[in-house]
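Number of protein chains: 2
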Amino acid sequence: MAMGYFNPYFIKRRAKKWWPYFGLFLLLVIGYQEGVLRSDSSSGSYTTVDESSRSTMKEIFALEREIKLLKSVLKKYSIPEAEYADTLLPIIYVITPTYSRPHQKAELTRLMSVFLHVPSLHWILVEDATHKSKLVMNFLESSGLSYTHLHQSTPPDWKLQDNDPSWRKPRGVLQRNAGIKWLRRKLRGDRDPRGVVYFADDDNTYSTELFKEMRDTKTVSVWPVGLVGGVMVERPLVSRTATPHVMGWMTGWRPDRTFATDMAGFAVNLALLLRRSDAEFSFTSSIGRMESDFLEKLVTLSQLEPKADLCTKVLVWHTRTERPNMKDEERLRKAGTPSDQGIEV
Amino acid sequence: MAMGYFNPYFIKRRAKKWWPYFGLFLLLVIGYQEGVLRSDSSSGSYTTVDESSRSTMKEIFALEREIKLLKSVLKKYSIPEAEYADTLLPIIYVITPTYSRPHQKAELTRLMSVFLHVPSLHWILVEDATHKSKLVMNFLESSGLSYTHLHQSTPPDWKLQDNDPSWRKPRGVLQRNAGIKWLRRKLRGDRDPRGVVYFADDDNTYSTELFKEMRDTKTVSVWPVGLVGGVMVERPLVSRTATPHVMGWMTGWRPDRTFATDMAGFAVNLALLLRRSDAEFSFTSSIGRMESDFLEKLVTLSQLEPKADLCTKVLVWHTRTERPNMKDEERLRKAGTPSDQGIEV
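Chains as they are written, first to last, in our numbering: chain L, 42 to 386; chain R, 42 to 386.
Warning: the hint list may mix true and false statements.
You can't tell identical chains apart in this list, so a pair holds if it fits in one copy or across any two.
[What the hints assert, rightly or not] For lysine to any residue, the following SDA-like pairs were computed, each having C-alpha atoms within a straight-line distance of at most 25 Å:
no., residue 1, residue 2
1, 99, 376
2, 109, 185
3, 99, 191
4, 173, 342
5, 354, 142
6, 99, 173
7, 253, 141
8, 210, 364
9, 173, 96
10, 175, 233
11, 354, 384
12, 368, 202
13, 175, 350
14, 99, 318
15, 116, 320
16, 253, 384
17, 116, 158
18, 354, 341
19, 227, 96
20, 222, 125
21, 259, 97
What the hints contain is simulated information worked out from the structure, not anything from laboratory work.
Construct the complete structure from the given sequences, taking the supplied hints into account.
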């Protein structure tokens, strides 16, 4: 447990002061054992385990909050990040296509709240536009996240029309590819790029646990996605064997696709993605096959890594936000007095 | 676990003399407990508890190491300690009505991500149901938040029917009142209750800044709400005088209401709410007047505190999530093979 404390370099460097840390360590060990002891002595009931893990969770969140506070102070005083950056974790590169609409900032704000809980995350936000918008620029600048802001417009022929159903045309294709290209360019020459790439649309709902699950992806990791494809949950079917592997898919629509997963249901190892220089998304994929065509360039079914307790937990939901009612706004605009004059929504 | 022991100042102050002895003492205690443990560990379920709490301990160690590192950098750059010292903040009590639907857990997960960024927040989650659901119970338990879980069902006559427009009947009335009642009961006898009460529906989008703004509410504080009432933003009109105050409202619908604000647009001082024992929401409020009727029991217009840079910033959005398409799910249910069998969505 926490062998870092017994690392000879650590001890040498801190020789004079190591007793307090050792004491601290012992205190925690005792605390932990007390927890175990208590849970063991409660005859068959899980209540105590629950309670002790609940209070541990509280402790963890309190510590995380403290870290956030300390980091915000460091930012405020413009202390270089290299002084305190976490360099040990593989970076999660999240690629998100986004486009202008009344609820864009609300959606991005929700993503931000989740991403701020995830250490070593770099957000590549790609606007479907001919230039970067001021709204997104300001939003990212004040977000406190590590990010890259790109733009890449979709040719008009390929855009969804207002009355098209959402599946009519593949969306975000060029934007996701712009994100991938940026990674290829940035990491060219990096012999051992450590990291994970995840494609996160801006309207889905993500839990923070999801990012813990994908962090150590070696090829392509997969998990269930809630509220997608006309069913409550779509998920990989995992064999209950000594070395569990993905055997197929449980979906409402075409489970016979090689990789019958939604965009939100997988993450790719960074080095693998960079090595396969032809791996990108395509407009020519037939309807509902964009993800499968992309993954076929990277792995075979048997190479997939099932995550989220062997695909038994839902940690991401394919939610969609209603287009807000702008009935009165149209009237105000015609009268030359829009409600958002001088205020960004 | 008493966090005071981990306070670095505590450690530093005492470090020089007594830690070695204390450490030795702890070693002996552990030795004793190890003995006890080993004789207990014959039960099969023991391993899992052991491993999961060991990895949690690792996480705690890692977090504490990070805090230590961050504090040492802050010291190195001589940043005043007051900047990052913990203070006693007034508690923000957030009252949220919720009800069962396919995307309930997704919505609650989004709220959780925001609330976890907010120190001193207590979440009062009130289910519109005849009993507490397992889903919400488990969700709250593992959330890491401080919370109270209540339930209060709405009589069938007062429930919205599937085809009713959402404004047809006031929603969440009894649930919000149940939250208020819980506060009155819990804090009875508290002579100086410090805190704020906010009514946060489970589909809106909240920024973390919003909670900073409402924290020191003395009467009732107000701010703009985005994407509501058929316009981009509704907001209080604030005088540009030496002592700025709210003069009226900019809304698409009935700006002549005394308090023409959405539920998401205000917070109430806790002591004030407790003092006005008749302040609660009413089914008999006419359409769109529930908030105004409630606030009339608490303040006058001139007593309102304009927040969010004198109501020039949007920190909360009245978003609504689409009912997910469950077309194929219905088919699966009829066939007796629902997609969410054995997996919570």
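Task: In rising order, the numbers of the hints this structure does not comply with - done: Hint check: 1, 4, 7, 10, 14, 15, 20 fail, others pass.
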